[in-house]
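Enquirer: Sequence:
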Amino acid sequence: MTRFRRWYGASPLHLLLLLASFALACYAGVRLLKGDAPGVALWFVGAALLHDLVLLPLYAVADRAVQRLAPGGGPAVNHLRVPAFLSGLLLLVWWPLILRRVGHYTAATALPADVFLGRWLLITAGLFIASAAVLLLRMWHGSRPARSAAN
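For the sequence shown, the numbering used here begins at 4 and goes up steadily by one.
Derived from the structure by calculation, the hints contain no laboratory data.
Mixed in with the good hints there might be a few duds.
Cβ-Cβ distance ranges computed for the label pairs, FRET-style [claimed, not checked]: (1) Ala113 x Gly32: 43 to 49 Å; (2) Met4 x Leu61: 46 to 52 Å; (3) Val69 x Gly38: 40 to 46 Å; (4) Arg8 x Tyr62: 27 to 33 Å; (5) Gly145 x Pro15: 36 to 42 Å; (6) Cys29 x Thr5: 29 to 35 Å; (7) Ser146 x Gly42: 54 to 60 Å; (8) Asp117 x His144: 40 to 46 Å; (9) Thr5 x Leu27: 27 to 33 Å.
Straight line, CA to CA, 25 Å or less: simulated SDA-like cross-link-like pairs of lysine to any residue [claimed, not checked]: (10) Lys37 x Ala13; (11) Lys37 x Val48; (12) Lys37 x Leu18; (13) Lys37 x Phe47; (14) Lys37 x Phe25; (15) Lys37 x Ala26; (16) Lys37 x Ala51; (17) Lys37 x Ala23; (18) Lys37 x Val96.
We treat Cβ as the ideally placed atom computed from N, Cα and C, and that holds for glycine.
Throw the hints in and build the complete structure from the sequences for me.
Expert: Below you can see the structure in the form of structure tokens.
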């Protein structure tokens, strides 16, 4: 076991799980490419270019601006990064419904489509409020004087 860990760098279970995840990804890739391979390849290339040439510079500049404006810098910035990332991820996944770009949603599901923007805004506000509460707790806990061992 020690020899394997020295050779591989982790446990055999790690290697097994890694191989299983690669097998699952390959299976999903084969199934995905089975339908419209050129369209899927074009979509992947377009997504990579959009991310690398447009989105990455935008959020790098935004992150630099937040680092300069955040009080205390460093760890406090993460309390803005995490809720912003989660909110952006929710927007990315649900943008057609949030921006009301799907006309057939109500007909297909019998659910109202006009509630998603408000709910996304509430979730975003909740994420930032929870993150601010965690930051305040950390600041309060860090500013309390240490108790002496005698007490």
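Enquirer: Against each hint, give a clear statement of whether it holds in the structure.
Expert: Hint check:
1. Ala113 x Gly32: 43 to 49 Å: Given about 35 Å between the Cβ atoms, the range is violated.
2. Met4 x Leu61: 46 to 52 Å: Since Met4 and Leu61 have Cβ atoms about 47 Å apart, the given range 46 to 52 Å holds.
3. Val69 x Gly38: 40 to 46 Å: 41 Å, holds
4. Arg8 x Tyr62: 27 to 33 Å: 38 Å, violated
5. Gly145 x Pro15: 36 to 42 Å: 41 Å, holds
6. Cys29 x Thr5: 29 to 35 Å: For Thr5 against Cys29, whose Cβ atoms are near 31 Å apart, the range 29 to 35 Å holds.
7. Ser146 x Gly42: 54 to 60 Å: 56 Å, holds
8. Asp117 x His144: 40 to 46 Å: Holds, at about 42 Å.
9. Thr5 x Leu27: 27 to 33 Å: 30 Å, holds
10. Lys37 x Ala13: 35 Å, violated
11. Lys37 x Val48: Distance of about 18 Å is within 25 Å: holds.
12. Lys37 x Leu18: 28 Å, violated
13. Lys37 x Phe47: 15 Å, holds
14. Lys37 x Phe25: 18 Å, holds
15. Lys37 x Ala26: With Cα atoms ~16 Å apart, Lys37 and Ala26 stay inside 25 Å; holds.
16. Lys37 x Ala51: Cα-Cα ~21 Å, so holds.
17. Lys37 x Ala23: Distance of about 21 Å is within 25 Å: holds.
18. Lys37 x Val96: 24 Å, holds
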